[in-house]
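Quick note on this note's numbering: the sequence shown kicks off at 1275 and runs consecutively.
Just so you know, not all the hints are guaranteed correct.
As the list claims (entries may be wrong) - Below 35 Å or equal to it, Euclidean Cα-Cα: the simulated DSBU-like pairs (lysine-lysine) are:
1. K1542 - K1530
2. K1542 - K1503
3. K1503 - K1534
Claimed, not checked - Cβ pair distances, simulated, as ranges:
4. I1450 - N1572: 28 to 36 Å
5. T1524 - D1493: 25 to 33 Å
6. K1355 - T1408: 19 to 27 Å
7. N1674 - L1435: 52 to 60 Å
Please keep in mind that the hints were generated in silico from the structure rather than gathered at the bench.
Think of the CB as a built atom: it goes at the ideal place given N, C-alpha and C, for glycine as much as any other residue.
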Amino acid sequence: MVRSDARIIRFAAIAVAVIVTIFLLSQGSSPSYISGGSSDSTKTTKPSSSLKSTVKSSGALGNKDYGNFALDAGMKKSPNKGTVKAAFVSLARNNDLWSLIGSIRHVEDRFNSKYGYDWVFLNDEPFSKEFIRTTTALITGETKYGLIPKEHWSFPEWIDLDKAAATRETMKQKKIIYGDSVSYRHMCRYESGFFYRHELMMDYDYYWRVEPDIRIYCDIDYDIFQFMKDNGKKYGFTISLHEYVETIPTLWKTTKEFLKENPGFLHKNSLMDFVSDDGGATYNLCHFWSNFEIGDLNFWRGEAYSKYFDYLDRNGGFFYERWGDAPIHSIAAALFLDKSEIHYFPDVGYYHGPFHNCPINDEFRLDHKCMCNPKDDFTFKGYSCGNKYYSAQQLQKPENYQDYQ
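Turn these sequences into a full structure, and let the hints guide you.
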């Protein structure tokens, strides 16, 4: 009889626990949709309980000796939810959803579940309810959905449409990647000159760009946005490589013309040696791969870059050639910033096909639960500009870097 009573009590306790759990889960299952300042923007706000996360105790990441891989002393583990005015930003269409959710899970699992930063999605067409519901369910922080103004995703009035069409046909015949794509050109122009001006982005000072089909290989146990802010970093990257010369034949010439008219924008301590092998006479094609970039939005909003973009835009190279946002961002960062304001993240394991950024220090990979093969690391391989970056910044390379060339 005593055993029967004990079983009844245990059953009752389990039943109560299940009921409580179902009730708690139900409080966060249906996000409410609130107007985001205009009819073309939407944001979703989750109950505060959904933002809670377990955060490791504070301490310097550099406590362990990783040899020449030792991380910057300014990188700290954060004991609190992130407080920097920062957000992730993804330019995506509704049909990108199933490619993007994997990227979101990587970022959330490896980083944002500890810090709860917001996520901004931008699209040249309205987001579907399925896109909004699915992405909101995956993200720790607040999610916002914005429509791109037509004037930011169309041919500007000064573009000769026949000339632009002829360029696309020529590039198609030459089989230049995305050479005949109109939408790709609109994307490059938008990422170069407009994403940071969107009304939803005006709430933030820093951003982390995330694209579909990327992976984050390692745990990130410090607040990257706080690191950027505390250390005066304005542009951060993981992968650098050479651009296709056929897509930007006059970009450097146009840049030099801009600098001739605006010599004061060239920083005295610039990273010119990263983008040019001859003091600025020619462009060596090195650029930071912008599908991953963490940056200071106020740099893009500043006078130097604003005038530079407007100059490039008026020149028409986005449509008469196929100028990409990656070389444009890279050239601007290299020339207008103090080189100390640019940061390479060797510790952020990252993949965007076909290139990998995989920490080559064995102990670091184990400590941060990395799931990548260091032999795949692209940093010091031939087509990479990693060697050039280390040289231009006068950084000491990892002791074992030659094993991964």
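Cross-check of the supplied hints:
1. Simply put, K1542 and K1530 have alpha-carbon atoms about 16 Å apart, close enough for the 35 Å limit, and the pair holds.
2. Straight-line distance between C-alpha atoms of K1542 and K1503 comes to about 22 Å, which keeps the hinted pair within the 35 Å bound.
3. The hinted pair formed by K1503 and K1534 meets the criterion: a straight-line CA distance of about 32 Å does not exceed 35 Å.
4. Checked against the hint of 28 to 36 Å, the C-beta distance between I1450 and N1572 comes to roughly 34 Å, which is consistent with it.
5. A beta carbon spacing of about 44 Å between T1524 and D1493 contradicts the range 25 to 33 Å that was offered as a hint.
6. Checked against the given bound of 19 to 27 Å, the beta carbons of K1355 and T1408, roughly 24 Å apart, stay inside it.
7. Checked against the given bound of 52 to 60 Å, the beta carbons of N1674 and L1435, roughly 54 Å apart, stay inside it.
Hint check: a violation occurs at hint 5 only; the rest are consistent with the structure.
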